[in-house]
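Going down the list, the protein sequences come from chains A and B.
This note's numbering puts the first residue of the first sequence at 1, with every later residue one more than the last.
This note's numbering puts the first residue of the second sequence at 1, with every later residue one more than the last.
FYI, nobody ran anything at the bench for these hints, they're computed from the structure.
Predicted model only: the values in this text are computed from it and were never measured.
Keep in mind that a hint or two might mislead.
Listed next, with one range per pair, are the computed distances between beta-carbon atoms [claimed, not checked]:
#1 Gln14(A) / Ala9(B): 38 to 44 Å
#2 Ala301(B) / Pro74(A): 24 to 30 Å
#3 Gly436(B) / Pro74(A): 49 to 55 Å
#4 Arg146(A) / Asp35(B): 36 to 42 Å
#5 Arg146(A) / Asp13(B): 52 to 58 Å
#6 Glu68(A) / Leu346(B): 23 to 29 Å
Glycine included, C-beta positions come from ideal geometry on N, C-alpha and C.
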Amino acid sequence: MVKRIEKDHTRFRQIVRGIIKKNLKKYVSQGELIGRKGKHAVSIPLPQVRLPRFRFGDNKGNGVGQGEGEEGSPVDTGEGRQKAGDQPGQHILEVDVELEELAKILGEELELPNIQPKGARLTAAEKGAYTGIAKAGPETLRHFKRTFKEALKRQIAMGLYDPERPVIIPYKEDRRYRSWKRKPTPQASAVVIYMMDVSGSMGKEQKELVRIEAFWIDTWLRHQYRNLEVRYIVHDVEAHMVDEDTFYHLREAGGTKISSAYELCDRLIKAQFPPEEWNIYPFHFSDGDNWSSRDTERCVEILKEDLLPVVNAFCYGQVRSAYGSGQFKKDLDKAFPDEDALITSDIPDREGILASIKDFLGKGR
Amino acid sequence: MGNLTPRLAEARDRIRDIAAEFGLDFYETVFELVDYDELNMVAAYGGFPTRYPHWRFGMEYEELSKSYSYGLSKIYELVINNDPCYAYLMRSNSLVDQKLVMAHVYGHCDFFKNNLWFSKTDRKMMDRMANHATRIRSFIDRFGLERVEEFVDACLSLDNLIDIHAPFIKREAPPPSPEDRDPSRVTVSKIKTDRPYMDRYINPPEYLEAEKKRIMEERARERRFPPEPRKDVLKFLLEYAPLEPWEQDILAMLREEAYYFAPQGQTKIMNEGWAVYWHSKIMTSKVLTDEEVVDYADHTAGTLAMMPGRINPYKIGVELFRDIEDRWNKGRFGKEYEECDDAEKLANWDLHLGLGREKIFEVRRIYNDVSFIDEFLTAEFAERLKLFVYGFNPQTGRMEIVDRDYRKVKEQLIRQLTNFGQPWITVTDGNYENRGELYLVHRWDGVELQLDEALETLKNLYRMWKRPVHIETMLGGKGKLLSYDGSEAGTRDITLSEK
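Same shape as in the complex, but just chain A (with noise of 0.2 Å):
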């Protein structure tokens, strides 16, 4: 039974994303995702369409509660833990999930739009769907106007057809029957190269938030394509490519030279992830600071040569930290207003991993 209330619920979600009523997109409040208790903890977020109304407004003040406490004794509202300047109306319901139950949710929560792939690569997977014939089979599947056709077919060449009583009568041979064909279906493939700046300004708190969104962009991807590859680069003034336990344990001291990343990753991508038939998604993170603008001027020089027209995005989100200058994000955005393939996001901190994620995955490329 299709459910009365699914038109009503698949208007509502459109709503929320904003591709219908865009009139109402400005009474949407949404929730967030990642909770702060513990590591665990998460909140689901609720968004809620708000029609407005003349009601009394959050400063409403006084209310009557119940419970131990003296007079001055803090109450907990619910309404007391969103910061001012929140927007009216947010829902959040906080809730312990598994780790490995967030994952699931992570696409439908963010809202993130399903990708669109760029290059198809034939892979092992098949499909199998009923669209065969054939002349032997269980009972259960026998096509009935296919079996009737033949023998119409058989009792007309044998003479044996009377239209005045058109009866026919199948016998064993003429029966047909549904079967099983097997199609390849073309699989999309996507290649992720993380590419992380372990120069000495990226401290532990840093890595710390590359790994929280790396594991985000992974649930996400892997959601997208079955066949999924990843990539690890880490550098300083040089680049190494490295195995997933040392990209985010590796510290080494020195200075940063980006380019050497990005160079690393170009020749990868050239030798082994052929752009027709894979999406690639390159990730760099650091923390903005580069060890001079001419290798900056050199890393501009690979992303618009060689990078960014094979790549479905390039995303590169800068970590503050206390060292970090945060020129890098400021260059790349002056070098490449207007390009789409290009991402760049701040992740100031472990807050604003969500946003960032957003920025990264929510175009669908």
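Assemble the complex: chain A is given as a structure, and chain B must be docked to it using the hints.
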């Protein structure tokens, strides 16, 4: 009727008979067994199986489904005020929960049938809602979903502008005073002259006649429209706003629905309290088996849990009913009791009147939340339930307990409950400045309107009235007039009009 399993049907029959024995008086009640998804859907529709298409129901549904699937909450009971009453049971609930819900539902049904404030509601609302749905669907077929939905949104944005007392009072415009209409009563002031023979020339009769006519016209213009402030703004719009017939029809239907739901907002505390009172009475005295006690207690404890920062209507309601019953059983009311100042005597006061049961039945018949709290919330009760008033402390930047005085608690509660928690707004002028503009007044009671929403709401009002609209209110301690003229929304300072 219904689709109960034999075991549930048996439980229902038993509980129904027990409830009737206790003196509860209800319409026939049909229980439907549904799974959680259907229940969420029906709950999103406000308890009705069929409603007109609208995204808002989808929004409710999402909220309910999410809270259910993440294990945050589930709907235990859903019952609608109709004859017969319809109530829903979730298939996955345990038998003890089902029994509890049934007992609870009979409490609600009795309340629906007997509480005065429900007496004017349509008891065939199930059919009516379905009719509304059909009609709105046919409008959608004719005019398109976008157009109809946009109008429904505008109606919903205004649907708290009703007069909850209207069903009980016949409000009619007072007949126009005779002076206004009778030309012979109009006196035109003449220019004074001490030469009577000159009067004809100084005050020519034609002039006097013309002047009289002018005054009459002016008075007619001054005659107020509406003559008295009208609280049922929706009705005013229905009567006077230049709406298309289909728009008028939709507005009328949505207004009806708003009136249908209003008493539930007016009696939330009482209605829930009454239902809890009866489910616990029925369950604990007659129905529970030994092995069900723990589950029952656990469940009831959850329902009645207190949360700081908000009041639980179930808890306040049932405790207040029990308190009333106890007081009337022991005779702890009236002049003698209230004037007694012997603490020991008071503590042991018991006249063995046994009037409690009778009293609570009376209370459930004639009170609503406001009068219920006003009349029966006592100092002892407020203390026992640890009620307090909280407020924002700008120095610490947080909400804090302000007072535990029961009078303050009562005052605050009543303020929150008055007009079911909605601002009190009336139409005072449908021809403001003689330009056909609409003028509303928000009766100030200490709480400001949400400004941005109010301005947006004015746009929806304009959508109906099609001339500039205004609402008078207070912001930051000053009189303000919020206006929307079709292109721009704004506010300006004004002096408040006389009450």
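Hints and how they fare:
1. For the pair glutamine 14(A) and alanine 9(B), the beta carbons lie near 42 Å from each other, so the given range of 38 to 44 Å is met.
2. The beta-carbon spacing between alanine 301(B) and proline 74(A), approximately 25 Å, falls within the hinted interval of 24 to 30 Å.
3. One distance hint, 49 to 55 Å for the beta-carbon pair glycine 436(B) and proline 74(A), holds here, with the actual separation near 52 Å.
4. With their beta carbons about 40 Å apart, arginine 146(A) and aspartate 35(B) fall inside the hinted range of 36 to 42 Å.
5. At about 56 Å, the CB distance of arginine 146(A) to aspartate 13(B) agrees with the hint of 52 to 58 Å.
6. At roughly 25 Å, the beta carbons of glutamate 68(A) and leucine 346(B) sit within the given window of 23 to 29 Å.
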